[in-house]
Amino acid sequence: MQASRKSLKPLPYILIFPTAAFVALFTAWPVLLSIYQSFFRQRMNIAKFREPTFVGLGNYVDLFTDPYFIEVIKNTLAYILGTVPISIILGFLFALLVNRKVRGIGFFRLAFFHPMVLPMVSAATIWLFFFTPDYGLFNSTLRLLGYTGPENWTGNPNLALLSVVIVAIWKNSGYYMVFYLAGLQNLPIDVYEAAALDGANGWQTLWRITFPLLRRTTLFITIIAFIDSFRTVDHIFVLTSGGPSRSSTVLLFELWLERFEYQDIGASAAITVIFVIILLAFTVTNFITSDRREA
Amino acid sequence: MKKKMLYKIFAVVLVLGLLLGACAPAPAEEPVQEEAAPVEEEAPVEDTAEEEEEAVMEPVTFQVFYPVAVDAPIAAILNGYIEDFQAEYPYITVEPVFSGGYGDVQTAIQTTIDGGGEPPALGVMLATALYDLINADYIAPMDGYVAGMEDGDAYVADFLPAFLANSYYDDQLWSIPFQRSAVVMYYNTDMFAAAGLESPTSWQSWAEAAQALTVQEGDATNWGLQFPSGWPYWLFQPLAIGNGQNILNDDCTVVFDDPAVIEAVQFYNDLSAVYGAMPAGVQSAWPTAATDFASGSTAMVVHTSGSLTGILAQAEFEVGVMAMPGKEAGTSASVPGGGNFYIMKGAPQEKQDAAWKFVEFISQPEYVADYSINTGYIANRASAYETEAMLAYVADVPQALATRDALQFAGAELTTQNLGQVRGIFHDYIQRAFNGEMTPADAMAAAQVEADAALADFCP
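Same order as they appear, the protein sequences are chains A and B. Its first residue numbered 421, the first sequence is counted upward by one per residue in my numbering. Its first residue numbered 49, the second sequence is counted upward by one per residue in my numbering.
With the rest of the complex left out, here is chain B (with noise of 0.2 Å):
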């Protein structure tokens, strides 16, 4: 009896689930697809190109392995996209992976290459993993796909250009951006309209609002600003930046010990130190950040543009956001973030083709305007927010502009060779620093010697 019961409701599920499945992706693509096949069209091929493309219409199936880093339903938004690419493209058959996060993704790909298997011919991997894959050899350039193209100079041009400092080098191109998002503050404007102040325009200006808004109430303490650092190196990085100094020159030279770079970490220190307007030491609640000031216990908080939608979603106030104020005033800050398209230099050259078709069918503007409202990431092409579906959005949450705005002021997200040794560096220096174990200047001063070391054999 009970195991009959059982069934039952596992069937329901199921079917509950297959329907769910079946319905998601529907509205995704109704707006896309009666754009999308102009741009097909527009493009009048050579009658002899043409031949030849059906003349090698050998049925192709490649795998794409994708992360969920945000809060959507990524699974169904892509499977929709690929619906569409399919019927362009009859004789291609895309899979999409899921695997999990970005760590996921880059160590699933790695392990099948290792392993002697053939490797997804796409994949969507953190920009900042560039030299990695390169030097492991996993990866292939795009240049000649590029140069294919009946205009590809303009499509690589149509990027903003923040979104295309991960994807060169050697002067050839590796990556194509896709999902992408920088770092922004997020500030409860009715909370500064009650306090008469206006949205920060410099560090000094910053910090006293933050101060201003930091309300004791009862044993808990409404903070003025949370600024989370238990992964420290992206939010940091616009401190650093505002105040005139990158934390990295090129692939090979950090530059963690320069005074500007410890001057930044002070004012992070001071935060709590000197205006209690944040807590102490490292704030290692990054989901927690984003929902304080959401359901507004927090009056700003540093995050990524990727919280947006979330936010929006939850807060019953005005959400303002900005790039992070510098420390001159007028001056401001902010890092790209996020995924790129890398294709496969293992897999079979006509699934690595099929997979450029794929890249470059959904890099067009409809599609980077339609990820972009439903994911909440930045749309990463000058062209999307041309489209009518961008700009009703736009019109209706002004704020997704801001966050295309704060990457004007953007330096370099932190990519080295040796990555994952120089960025442990950098965490485990500065975290000393945050939580007042060593000095600021003490703490980069020996992120400096430690990361020179961790480079050497890389750089010569």
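So here's chain A without its partners, still in its complex pose (with noise of 0.2 Å):
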């Protein structure tokens, strides 16, 4: 007994207390908070329901069988469908772009990177003034292309969601390219020149080798896109507030609609289940099939 304590080495764990003490304080704790919280009915703003009462799946019910909820998961889908691959993609035409030495290349790289840098509030300041009808700089960008249709995309319940997807894909696409750029400026060489010498075309060495060579950065983006997805709500504020008519309202911006404006700690909690659910979800399956790539 005496000699196996012993033989547990102390020193691992104290290291990581810090960081475990961390996760279990800010991230656990609240996750399972929430999930008591969801099987109980509490509204702030109601007298009689402040104190909460117990509703099971109550909460969870009420969502999945309310219209409104489900126009809300189908724009998040929408929203992540329309993000995720296109703004990987142009990261990763990017990256090919400006992985070069050129001189001044610094310039072009900076220039693909600074929405980046700027808070998303402030780009979305920005691009409401781009979106305006009229003189706004994407109307008379689109109208020059020869686009006739309809300007006010801010405002116009099939633009709305469209036109905060574009936001989000402006100001990603250069972070992810700077991944690209980091993983392309890592690969060997030797590979190029014995494609080169094989008399392989530029369509193959970029297909065959390059993009197959990224595939670990591709999968680390993917997850990064997916989680950011999700959790970027801020120039929904700025550009629509959700609307017109909710119809730019995804998940997290119901989520605090729900706790904020409505009040209602039962089903804002609900919805944080379904969240940690869905992101945990997705983090696992990579989690599994990157293993059992490298296995």
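It should be emphasised that the hints constitute simulated quantities derived from the structure, not laboratory data. Every residue, glycine too, gets a C-beta built ideally from N, C-alpha and C. Certain hints may be false.
[Said to hold, decoys possible] A few chain A residues that face chain B, going by a derived Cβ cut-off under 7 Å, partial list only: (1) Ala441; (2) Phe459; (3) Gln462; (4) Met464; (5) Asn465; (6) Ile466; (7) Pro539; (8) Pro664; (9) Phe680; (10) Glu681.
Dock chain one against chain two, each of which comes alone in its own frame, and use the hints as you go.
Written as structure tokens, this is what we have:
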């Protein structure tokens, strides 16, 4: 007994203790609390519901039978499908573009990267002016390209979600570019030399060598992009306030509405749990599949 | 080397910042301080009371959470007032905490209270937050303090009545008006004169003027009117009021499906569909609408009185300000907005008491006038308009009086139980009507049904 205890080295545990304590306190505990709260009906702005009453899965049933919440889920999916793949592809293309030794390349790298440095709220405010009908930069440019459709981007129910997607892509692609750029610069040169000797053309080199070699980078960026698309809502506040008629309301925005606008603690806890489940499922899947590939 | 340089730049910026911070409040204090002193003196308190006050001069520090919602150096102005206040009450220290927008202040206070912490004694939150704050048991009534004043009734009666409309519940006073505004219509008098038009007096003449002033310029349109509707209830309300029916009766009854309200929605749509005088559908660009007007590319804009200072600073033409025209000739309408002072129940009593002293101090006419002049908010007390500073300002900027005068036509701002949800429902459907997804009648009928359901739990 004593012997086995002695063999337990305390140092590693001491070293991870601060992190573990942090995670427990600021991640695990709030999640557990949310799970608990999601089984209760509690609304701060109704005197009789201020004290929580147990309703079992009532909050979840309410949410999933509410056509409006289903709409929010659809919006969220559309937002993710709209932002994640395109900003990753653009990030990759940008990285290919600026991964060369040309004088002044730093300027172009900066140009692609700078949206990331801006706070989302400032970026959205700038875009609010770009989106202005008539003279807004975005609309003027589109008109030059022959666009004749509606220009009221943030006020049109069919375009509002698209407009927040556009801002997110603009904001994120430069960020993903940096990861790809780092990946590209770490690629072994000999492989390319061998390919050149074998007479591979540019497309083959890109598709058969560069892209597969960057697989891990792509995986990493996909995770980040996916999580990002769930947690950025700042620009929605500025651009559309979730409207018009809630057409650009996504899950996190809805969570904010339920908790702070409607003061519905039970429903907001339930949405938090749904949120955590989705992110956890995604992360675990990724973890497992990437592990298998390593093996 | 580079690092050193960076540090140097940083240090310079820091010093500049400090200097600016130190200088900025000075001009704001000056005019007020002289006049503020006699007010305190003029209250000749009985000896016993004064002794009592001195006896309880335990040092007390309280926080005030405030938002910045207009384009003005609110922080510097408030710091100036706080210095004056602390000079008069040396035992009280006020810690101003800038907390973002109105929503952020309320969120910060809610999360503090829900997390078991001590809330700030004082908060500036939307006047319309009243019921949510009462129901959540966050705020304390102020009647006791008013009763304890030399002449409490006169103090309260001096506030412009429209601004007190959202302060009472259950016959108790829950908030004191602070930074208040109103919906007004700005119009370019130069354009009106050039087109030989009078300022509008009815829906009809308003729409016709907007139509006449809409000009196509190449690809772009210079609109006769912009009427933002991205967060529509507030600017829309004067349309309904101007047609004789506000969208609410009391905290439990909303009136969305009344024919007069539906007609107001229809009129909004007609302004673009029939008259071609403003952009079609939901107009979500609140900030650009004001700058478009100030730059002269839009002849009229419906906006907050809070934009007056910014518009006047930018505009190179004579800016007209008026209440929104009502439907019938000669009628007008407006609706108040903005934030009030609330005292938080969860703060220790002595902090609440100190907070009240600050509220009382800052609502002296000289301060109310100074705040209005420096921020563009409407001075919220009748007596503020008698002060020298305000008289001088109004002589210079007569539009400031027009914003106050718009308030005589004001109805109550949408304030109900369960406000967030009710307002969300209204926004949802009125925007569907604006965007042509539903007819005004269908949209308002559906909004009524949903809002009634959302209110059912609150209103037995």
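Going through the numbered hints above, which ones does this structure break? Give me the numbers in ascending order. Hints 1, 2, 3, 7 are the ones this structure does not satisfy, whereas the remaining hints hold.
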